[in-house]
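Those protein sequence lines, which keep their order, are chains A and B.
Heads up: the first sequence begins at 243 in my numbering, then just goes up one per residue.
Heads up: the second sequence begins at 175 in my numbering, then just goes up one per residue.
Note that these hints are calculated values from the structure, not bench results.
Heads up, the beta-carbon is just placed ideally off N, CA and C, and yes, glycines get one too.
It is possible that part of the hints are untrue.
Straight-line Cα separation of at most 35 Å, DSBU-like style, residue types lysine-lysine; simulated pairs [stated by the list, open to error]:
id	chain 1	residue 1	chain 2	residue 2
1	A	K430	B	K311
2	A	K430	B	K273
3	B	K216	A	K430
4	A	K370	A	K322
5	B	K273	B	K370
6	B	K370	A	K322
7	B	K216	A	K531
8	A	K325	A	K370
9	A	K291	B	K370
10	A	K325	B	K311
Where chain A lies over chain B, by a calculated footprint (3+ residues, C-beta under 8 Å) [to be verified]:
id	region
11	316–328
12	406–420
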Amino acid sequence: MAKVKKKKTFKLDVFAIISLVVIGVYCFLMLFLLGWGLLSSLKHQMDFKNNIFGLPQSTAVNNNFGWRFDNYITAFDIFKVSKMMHTYYLEELFLNSLLYALSQSFFHVATCLMTGYACAKYRFKLNKVIYTTAVIVMLIPIVGNLPSEMQLAKFFFGGVNDINLLELCIMKCQYTGIYFLVFYSTYKSISWTYAEAAQLDGAGHFQIFFQIMLPLGKSAISAVFVLLFINYWNDYYTPMIFWSQNPTIAYALYWFQRGNRAASKPILMAVSFLATLPVLIVFVIFRNKIMGNLTMGGLKG
Amino acid sequence: MKNKDYEQGLMRRFKWWIYGIKVKLFGGDKPKKKKSLSSVKKNETIFLTLFLVFPLVQFAIFYIGKNINSILLAFQSYDVNKSEFYFSGLTEIGKVWDKLWIEGTGLLDEMRRSGIQFLVQLLMLPLNVFVAYCVWKNLPGAGFFKVILFLPSVVPSIVFVLLGRYFLQYGIPEIFNSPGLDLLDGRNPETMYGFKTVLIFGCWLGFAGGMVVYLGAMSGISEDVVEYGRLENMNFFQEFIHIVIPAIFPTITTYTVVAFAGFFTNYGYFFSFFGDGGSAPCTITLGHYFFCLVAGNGETPGGESAYPEAAAGGFLFTIVVAPLTLLVKFLMEKYGPSEE
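Let the sequences and hints guide you as you build the complete structure.
This is the structure in structure tokens:
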């Protein structure tokens, strides 16, 4: 049956018009900065310096200025980060980012999902303790424990900034936080009768989880996974401290822009847009899933 | 027809004959054993153990263990000659406490700027809620606005920092026709252009902060309540004040609490823009100072000798901020507007 969507109606009064104008101006500025960056990424370095806001131009002396679409290809040759004995080119930086974002998201989703599901669907002694701990940890801020975390990394994994990805995922995939609550409420709202029916047919707990409950909660799981993926792709603090021997693209961008290392600003801007491309694609593909779930009740399944 | 019935009967008898042989050879179909209650419970226990052991052990080590170790570290100092930590009582905490009140070489300026940053963040909260409300109300173009407003959550922040840096370095001087203008000068204590610029930049990027969560909370507002507001002839702003804010106040409380918690830890975009200040270290806020102390400039981490000071600072701030956070939560829940 087709859903009839009730549209909110309102009078377009003076407050609404002012709000509209303010948001419009904000959106214009946002698009202006991104547009300016995109345009600049298509310029020659000299053209960028002499012609900040104009379209890419060729001059009588230098007709190789113009539109430099090849900046996006050149970036793959000249954008590199040297760490220890290895030089990482753009494709390797992308690969590191992809591995980092996928593994961290997977581990994070897995721990939150397992605890959220177990607490929502089973009665056991630790149930309330696990749930209450997750809520308390969100409420009470504990400040300045980074040195301690670095010590633990050294103690368990034998290093601080060169631990491997699996170790990093294990260290960071804490179950507490908002996504535990998302999975908890998702599974709380799913009826247990499906599982009872499966139990009558002889299904075990693992079968119930993997064959019934996992597909039922896939909407929330995929939305959380996508949000986490975007989050981890953009994160450069954690790789900078614990995984700096395998730089990600976000960390490499920080490394370049802070030290003003790149000779060519347009190429650095081209790299920025290349780094944005994967998350933009993910966002465009899953936009309805994320936005839909979010606007229909805060990441509900 | 008669012939067909005869054939079917023959087949049935043949099947029974085969079945009889099968029973004689292998025994009949045994009735399924009903699982006993203890075996059901045992299976459940095994399942729960396998499911929970990893998250709980991980939490015990990397959250509880980490924080206990952090407390212990706050009472230790580092012997550079022996390269080891030793218990030194309140020495490090005392050092941090003294440093907090010293201007110039101390952290008093950082504390002031942390206060300013905190107030600005607090002022941004109602704006964030209002922006989410505008999207929720489906203003003309809301679909387009939603995508643009969501961009700062999708595009890596470091990309915005990079574009912002070049725009401030090359674009702004061009617009104002003043080539020497350096709005990112973080070292001049007179102007503190760097602090102001990055603060404004952070506000600009955080214009629609929390939109995701606020929209989720607003979608739970009953249509009847909105209809009631319409019947009462409430305008756009009145509906926001009298209906939306009370309805999503628990979410607003959470964000306010988080803002309080960030007083000592937030380094906003300061680290992204300035790192640790390079050859002439200059930190902007307390969060920035303590982060740089441990993380260094992002290439070479700070040495182990800095750990006790950072842990002592963390310990001191947690003692202040944890009860304060809970107090704010309590007061907001008690005196905040209610949906009724």
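Subject >> Violating hint indices (sorted, rising) >> reply: 2, 4, 7, 8 and 10
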